[in-house]
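Given these sequences and hints, build the entire structure.
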Amino acid sequence: MTDQQTAGDCAAMGALCDEHARLAPFAGTFKSRVTMWMGPGEPMTSTGTMTNRLILGGRFIEHDYTGDPNLGPFPEFAGKGYWGYNTIDKRYEGVWIDSAGTWIQFEQGQVDATGTEWTMLGTMTNPETGKPMNKRSVVRLIDNDHHTMEMYFEMPEGEFKCMEIKYERA
Amino acid sequence: MAHHTNKVSRILGIALLAGGAFAAGRLVLPGTALTPNADAAQPEHDMDDMGGMDAEMAAWMEAGTPGEHHEHLDMMAGSWKVTGWFQMDPHAPKTPVEGTDEAHWVLDGRYLYSEFKADMMGMPFEGISYMGYDNIKGQLQSIWMDSMSTGIWMDTGSMSDDGTKMVTYGSMTAPDGTVVHTRHVFTKNSDDQYTMAFFEAGPGQTDMPQTGELVYRRR
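Sequence lines, in order, name chains Z and B. FYI, the numbering for the first sequence is 1 to 170, going by my numbering. FYI, the numbering for the second sequence is 1 to 219, going by my numbering.
Note that these hints are calculated values from the structure, not bench results. Ideal placement from N, C-alpha and C gives every residue a C-beta, glycine not left out. There's no promise every hint is true.
[To be verified] In silico contact screen, one side only, chain Z against chain B (beta carbon under 8 Å); selected entries:
{"no.": "1", "residue": "104"}
{"no.": "2", "residue": "106"}
{"no.": "3", "residue": "109"}
And the structure:
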């Protein structure tokens, strides 16, 4: 059950508004095809299942990812995340945790005028310099059964596309 | 034949693994070996060989593995009866809170997930949180979401060497647009009890008055 309110009530702490409704098509179970570029050369590919559900009265999408067993350094990869719209700061917010690290990643961003393309911004520590490295994730809603996520890192030599995930409703 | 590794690409790849994806194979890329940054988390760069991971990748794998700080967080795992109070400011009356907390480890012992349920001013209230320790930054981290607000609140802090006291700091925007700074102090009272104290400061405030306290008793 969701607590839907009119747009005018969105200023009230905790109330839901149109921005939360935009998250609804992401709910469900999706087959995931992951492509990762680590540098020049062929990218690495993998698959998994992403289960998303609306929680806390429709305020957040909860992501639950299980990678299919693979021969890489993380044969049983899993991750969890949350995605919502902060009505006070007026921005989408996301967090991500997974079995490959011990850190919590935070991102914040906006959706475009079409309401189908989100740009989420965050940082990751550049191990070479110890300084934060800008990270940009672009989520595109194709239709109710398909969406994609592309991730880019800002490197000294320019932006570098490091990952792309294609999601298809199972 | 030995393979040189492009350090930035390799590290980028490993950072990516913690950034929401994973590799399907061993990370061996052409390039030049660079002088490593002097960082406690990274040992001297070794040349990759035909056999196993080099010391650098091993260090990254270790950074991704739960350690002693995660053992200290275990003090909050389990089923709890929670009682306490909140107040909007030092002159306001204390609002009593009573509820439960269920906490268990997820992602192979890396993060402590908990679900908090309580009655707040006669209305049902639900919150979820994750506590973790970032081995690379050497930082205690937490996130919180609840049924009465729409933000994802991320706080960071530290813990004492013996793990009996933990502190996290954060900030949030109040509905009127002002920024509120928060401090949460977790104190282990015994194996079956811990206390969480809440402190808040608004703009222009030089101290942080206590705005709440919750006592968790194992049930």
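- Message: Would the hint on residue 106(Z) be counted as holding, given a Cβ-Cβ threshold of 8 Å to chain B?
- Response: With a closest approach of 5 Å, the residue 106(Z) hint holds.
- Item | Residue hint residue 104(Z), partner chain B, criterion CB-CB below 8 Å | Given a least distance of 5 Å, the restraint on residue 104(Z) holds.
- Message: Does the closest beta carbon of chain B sit nearer than 8 Å to the beta carbon of residue 109(Z)?
- Response: 12 Å, violated
The structure is inconsistent with hint 3 alone, although it conforms to all the rest.
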